[in-house]
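A.B. asks: Based on the sequences and whatever the hints tell you, model everything.
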Amino acid sequence: MSVHSPARRQFLGRAALATIPAFLRPRTALGAVGVNSERRAPDHVLVTIFLRGGADGLSLVVPYGDDYYHRSRPTLALASPSKGGGTGVADLDGYFGLHPALRPLLPLYQSGQMAIVHACGSGDQTRSHFEAMATMERGLYGAQGPASGWIARHLASAPWRNPSPLRAVALGSMVPDALRGATSATALQNVSDLALHDLSSVSRAQLHECLHSMYNTNNGALGAAGLETLGVLKTLEDVSSDAYHPANGAVYPADDLGRGLMQTALLVKKGVGVEAACLDHYGYDTHVAQGGAIGLLAGQLTTLGASIAAFAKDLGPERWARTTVVVQSEFGRRVEENSGAGTDHGRAGVMFVMGGSGVAGGRIHGKWPGLSPEQRDGPGDLRVTTDYRNVLGEVLARRAGNTNVGAVFPGLQFSPTGVTHA
Amino acid sequence: MSLTRRKLLCVGAAALGAAALTGCESLENHFAKPPPPGADALPPGPSGKVSEAARLLNRAAFGPRPGDIAYVERIGAAAYLEEQLKPDAIEEPKFLQWRLRSLGDSLNPDPGLLFDEDDKRLVAALRQATTLRAVYSKRQLQERMVEFWSDHFNIYAFKNEGAQLKIVDDHETIRKHGLGRFRDLLGASARSAAMLGYLDNGVNKRGAPNENYARELMELHTLGVNGGYTQRDVLEVARCLTGWTSQKHWRRGEFLFDSGAHDNGAKTVLGNLIPAHGGVHDGDRVLDIVAAHPATAHRISRKLCLYFLGEAPEPLTASMAKTFQETDGDIKSLMRLVLNSSEVQSSAFIFKRPFDYAVSALRAFDVDTDGGAGVQEHLEKMGQSLFGWPMPNGYPTQEGAWLGGLPPRWNFALDLTQGRVQNTKAPLDALIERGIAEGLSSAQTLSSLALGRAAHDPETSALLARFPKTMDARAQGACVLMSPDFQWR
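Line by line, the protein sequences are chains A and B. The numbering used here applies: residue 614 is where the first sequence begins, and numbers increase by one. The numbering used here applies: residue 92 is where the second sequence begins, and numbers increase by one.
The set of hints was computed from the structure by calculation and includes no laboratory data. Each hint should be verified, as a subset may be incorrect.
[Stated by the list, open to error] Result set (DSSO-like, lysine-lysine): computed pairs, CA atoms no more than 30 Å apart in a straight line:
| id | chain 1 | residue 1 | chain 2 | residue 2 |
| --- | --- | --- | --- | --- |
| 1 | A | Lys847 | B | Lys472 |
| 2 | B | Lys560 | A | Lys847 |
| 3 | B | Lys185 | B | Lys423 |
| 4 | A | Lys926 | B | Lys472 |
C.D. replies: Quick look at the structure:
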């Protein structure tokens, strides 16, 4: 956490705040909410991975010790550790096991760098992807509350200034709702895309100047976005990812998530002021042919596990210690499987919190509600026993350094779940 | 002057699709490339804002092509709209027909043939055809409806047999019924093998029903999440739709009702009793109920308002919802209300999504493109690969999702004007020459084509004053497309 870490110094030297034009000031309504002082941003990066489609928490972290699990999933249940050999779950605590495709994360769990919270979620009862995602990305429990995103409010309410135009990034082509209203949020698929292509008759500097002049006259959100984009282009002027080689022998999977985490690592190492990076992983809406140790869900989890493991390795111990990765999904899935060897939309799911230090890992947090029919919620779903906001709030307060949890999650009776060390 | 005038009328007539070939140009020319713009291509008007015709064309069409504004001004907005509401009576340009034909059997909506083809090639062909039509079709409102309904009934082309079946769905569901009756559109979608595969109803069997389609049918396709259904209704609708699947071998891709998989018990959907032993009619009954539900009328009306106007004023939405119910969901009647409303001129501008941005640029500069890999690569970078959105709600419409992604748009503008997009050529010199004949500078010509404002509009002058003096016409074209003004419709 040293302020004088190499990464920090590099950031200050490179982008050197002075080279970031004066127009890069918070412009959105949220800017005014901020309690910004001259304090420097802590050297911490929050990485969120949203599993889109409703990840089946019961398959990610399997309650193999619960008989109802096996009875409810006649074709889908994963084998217990002792019985399954290579295809069985990896035992975590004698009752729960990790999906075999997530084995690359096992060393993180065993070394206390990965905490699991089971049976957590929001209060959304619609079982609609879009309602449930919007609820979580806005940082709410029910449908009522601010329209802005929770990460946007975190950045606006944090008691420090960070004028970097890359303070919040979305690794993809769109900015997710969690960043909605952020003072600056840049969507990028690849760092190398963030350079303007050439024009024959004018220099790049002239082109930038012309764009700046055009966007500086537009007072709305587009004007702000244009100016912030120019700040990003300037900051990254000579950062090219073409020659990027992951460190420590890390190998990222070649899909969107792997690429996105690799680009995140690149940005973190360049010290360009990233505080929050948002990634999406699609393909968790497994209504049909969900599969077991192999198959549809296992394929997604293989990518997920390998990507995060590569990211931790690539960052190296020092940077990984200043990083927190949160994995979440809009809801979990029905306890009973359906006629298509899949599962329908449910309620509670599972969250992962990972990082090189400060994470109370190697444990499964939360209160297990049980799987017997009378313990289920609604049409037969895992009951929510932990408000997901308490997990996020704790990460913000204890890892990201923003204790202003009330501003991020209005109305929350904040009660840390213990996924981090105080 | 009379010569120009005659030429204009010829080109105009062809360009307007009133009559295909008037004899003033050879057939070969039509096959070869898009017709040149008319001499009065530049929007007139002494000063001020975006012309009314341009505003309409940005909503009802994918922006103006050279000549379009003059045409709308000549026949009037109401007449233009009526013309657009009868797409089958508008003849398509020959070169467009030719280019679509050259995509070959990959667009033949006969699933039997499609299954012989490679997935990636099929998706590429459908993307190419969709882009070509959006850029060149004279049936612009139909293409707008295709975009609207393709999002509303979104299908991801990379799940199951989506590559083959989305081509059929595009033809038999979206294009066939996009300006027809909502119940017919919904019914075609419910029986579409692409939808049955994408939302898993094809494996929905009695005993342990699969809820996926049943839920999205009510949440996304009809009532809306607050439309008054319950989790119990989701289960009951899923039961009604058990056995609705598609042929897997013989006549693959056609709808099939598998009576053995159907739950023949009695059900209750939204308070309506559906008696036992209804067979395939259970599903049709569900579609009747949800299509006729007031929440559906209101929600579709509201969504059309938002798409075409960027806002949904309650009086207009309510009158559309009333019309929806009185006309049995006649989409044309709804379109008359939306596009004849005063809000077309008065509502705030709408932030263009990437497809809209790219297509409107290609149209504004009369670009000759094959709509293929070159354009599609840029759309992917910008974040809107057609038929590539994995979730059932369609690509986001709110500007917040897109504002953070300006660099790929800017690079599209740069590559387009510098001639770096594969098989895509912007005839800027020809456009500028026409402008010079009218006494306009290159920057004035290009900005008035793209922005729908008069060439001497003070806002345009202020914009152009920001361009470096050394800039050539291509760079000016790029800057016009990169400007904040061109990001809106």
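A.B. asks: State for each hint whether it applies.
C.D. replies: Checked hints:
1. Lys847(A) x Lys472(B): Measuring from Cα to Cα gives roughly 20 Å; hence the hint holds.
2. Lys560(B) x Lys847(A): 23 Å, holds
3. Lys185(B) x Lys423(B): 27 Å, holds
4. Lys926(A) x Lys472(B): 29 Å, holds
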